[in-house]
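Enquirer: For the protein sequence lines, the chains are F and A, in the order given. Take 1 as the starting number for the first sequence in our numbering and just add one per residue. Take 1001 as the starting number for the second sequence in our numbering and just add one per residue.
These are computed hints drawn from the structure, not numbers from a lab. Built from N, CA and C at the ideal position, the CB exists for glycine as well. Heads up, a few of these hints could be off.
Claimed, not checked - Ranges between beta-carbon positions, derived for each pair:
| # | chain 1 | residue 1 | chain 2 | residue 2 | range |
| --- | --- | --- | --- | --- | --- |
| 1 | A | E1199 | F | E173 | 48 to 56 Å |
| 2 | F | T147 | A | D1056 | 33 to 41 Å |
| 3 | F | E127 | A | V1031 | 31 to 39 Å |
| 4 | F | Q297 | A | K1028 | 23 to 31 Å |
| 5 | A | K1028 | F | T123 | 45 to 53 Å |
| 6 | F | G163 | A | K1002 | 48 to 56 Å |
| 7 | F | A69 | A | K1246 | 17 to 25 Å |
| 8 | F | G215 | A | G1030 | 52 to 60 Å |
| 9 | A | I1226 | F | G121 | 24 to 32 Å |
| 10 | A | K1151 | F | P171 | 41 to 49 Å |
Each chain, written out:
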Amino acid sequence: MKILVFAEQRDNKFKKPAFEAVKTARMLADRLSGEVVAIVVGDNVQSIAPALGGYGAHKILVAEDGRLARYAPGAYASIVAEAARVQQATVVVLSATALGKDLSPRVAVKLDAGLASECTGLTVEGEEIVATRPVFAGKALTQLKITSTVKVYTLRPNVFSSGETNGTSAPVEKFSVSLTEQDFSCVVKEVKASSGKLDVAEANIIVTGGRGLKGPEGFGMIEDLAGALGAAVGASRAVVDAGWRPHEEQVGQTGKTVSPSLYVAVAVSGAIQHLAGMSSSKYIVAVNKDKDAPIFQVATYGIVADAFEIVPALAAEVKKLLGK
Amino acid sequence: MKLAACINHVPDTAAKISIAADGKTIDKTGVTYVISPYDEFAVEECLRLKEKNGGDVTVISLGGDTHRETLRKALAMGADKAVLLKDDGVRDSFGVARALADELKELSPDIVFFGKQSVDYDDGAVGVMVAEMLGLPSVSVVVKLDIAGGKATAEREVEGGREVVETSLPAVFTAQKGLNEPRYPSLKGIMGAKSKPIEERPASPVTSKTELLQTQKPSAKPAGRIIGTDVTAVPELVRLLHEEAKVI
Ligand SMILES: Cc1cc2nc3c(=O)[nH]c(=O)nc-3n(C[C@H](O)[C@H](O)[C@H](O)COP(=O)(O)OP(=O)(O)OC[C@H]3O[C@@H](n4cnc5c(N)ncnc54)[C@H](O)[C@@H]3O)c2cc1C
Ligand SMILES: Nc1ncnc2c1ncn2[C@@H]1O[C@H](COP(=O)(O)O)[C@@H](O)[C@H]1O
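Working from the sequences, and respecting the hints, build out all of it.
Expert: Here it is in structure tokens:
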């Protein structure tokens, strides 16, 4: 059997979830005596493709075209589905990134395949893949199997380990599909970057501020701490609704779901909708002056004190440690 | 302009979730159900498009009789027509999408809106699946939308920014928070909704491609450690993060 992995790149660089997907596919392939075929779609991506060998790809397909430099949903879906058909792949793995979540439902329909999205676990039981995914905003976990011949999975970023590359390279082949005008009926015209800031959805460390910071000024010290840690700044909904911070920083059920290695929640109460977005973080630190705040129930380490005293001291201590 | 929004009826985001005796589904006792929050943005956007361009708004929900409540709410907000695709069983996103696509093919709207995800099973898949089934372009996770000259320009949220996407119409969109501020139904709207029809027909047969094996509560994390209650706790916290957790 073959597993096709869509390895996402942006600006001709792989995103970390691409390596996680390849590595996870390899783990599955080893258990199922299968083979991993990775596909890279873009413009001038041939040179970056071999790197996927180091994470476990047996073979790498490259689909290149000037019109594919930016995401084009129709064209990308046609390419990935066609690659799955040609390779006779029965499993397709993508990352649950903005792009992967948009692409995977189309690929699933084209292949008449069931989809398990935002998986946080994939295991092999007997000859079958069992997917684990959070539902009801993480208040429950389901285990499911896909019953169609072809099966599509998307993996929540930062949950599966990519490990380090082992330096192996894999053969790279060109893959081309004749694309129609209809494949480009919807195209990305422009990408507006949010001022070069690190995005919470991609950050390994996040420092989030809540309403207890009293106003937008309270975020000065949060930014300082985030800077010291190389972290992204996150916000609770209360803070976003008050207009102190932009919506793209919101973490939670109606914001972004994150699972960084370290999540620092400052003056955030830990409402259930907030926890929904961050409780799968590996380590959680809470700073709150109310010892009964629900955030302490998910926190690995807590300090019950005034954020305005703790945060500057914490930033200073981190800078000392990291020699900044 | 013919507009449609597909809306789901889901447990309130604050609801406590417990697992039913079958070990698979959730126990519905005492759970309040509401229109899925993102679907409210979808309805609102359709209403705004109608106010600007004329036309009518149809809302569609697939599910049991309880879904009438959510359809009624959308009618009270200002939708013109509602359709209940009756189905008392369980189906996955593929199965839901298939039935909605079958219904929408008949209706053939210029714009179909979905929420970016249902806050129950959190698949985030149905809208784009429907688009593919209907052979339509789609833009998901939309925070801004402009329609002009038979084309749509939408902004969607991606990591580190926004993509500006241009698409031909008819098209499918899925709504993200930030797109608009949903209105509250007015008293007049609520009264008016009572006389608006809710058509009912059976949903097309189930075509699910997944099988739910079990559902559990996540294992409770061990209770956190309170390091201290003042600034003297800071060095210890940093030491733990560095030496024990090894995250900094
Ligand atoms: C449908 C729906 C969706 C939602 N989605 C989200 C979502 O995606 N994300 C989200 O975050 N919320 C969401 N919410 C809102 C959520 O219910 C809470 O209202 C929100 O998370 C509260 O934000 P907060 O913790 O910043 O504020 P509060 O709950 O007001 O908490 C402030 C905290 O700061 C502490 N504090 C005050 N002063 C200090 C100080 N000087 N030092 C230290 N601590 C201090 C207080 O003890 C308190 O615990 C949603 C709600 C609904 C109904
Ligand atoms: N039972 C349903 N009836 C109508 N629309 C639905 C239903 N389930 C999902 N949807 C729509 O599809 C979107 C995405 O749902 P999902 O893929 O399940 O997360 C929702 O926001 C709704 O717009």
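Enquirer: Next, verify each hint and record whether it holds.
Expert: Hints, one by one, checked against the model:
Between E1199(A) and E173(F) the Cβ separation comes to about 52 Å, which falls inside the hinted range of 48 to 56 Å. Checked against the hint of 33 to 41 Å, the C-beta distance between T147(F) and D1056(A) comes to roughly 39 Å, which is consistent with it. In this structure, E127(F) and V1031(A) meet the distance hint of 31 to 39 Å, their C-beta atoms being roughly 37 Å apart. Evaluation of the 23 to 31 Å hint for Q297(F) and K1028(A) yields a pass: the beta carbon distance comes to about 25 Å.
At roughly 29 Å, the beta carbons of K1028(A) and T123(F) sit outside the given window of 45 to 53 Å. Remark: the range hint 48 to 56 Å for G163(F) to K1002(A) is upheld by a beta-carbon distance near 51 Å. Judged by the Cβ atoms, the range 17 to 25 Å given for A69(F) and K1246(A) is violated: they are separated by roughly 39 Å. Taking 52 to 60 Å as the suggested C-beta distance range, the pair G215(F) and G1030(A) does not conform, at roughly 38 Å.
For I1226(A) and G121(F), the hinted distance range of 24 to 32 Å is satisfied, since their beta carbons lie about 31 Å from each other. Checked against the given bound of 41 to 49 Å, the beta carbons of K1151(A) and P171(F), roughly 42 Å apart, stay inside it.
The structure is inconsistent with the numbered hints 5, 7, 8, although it conforms to all the rest.
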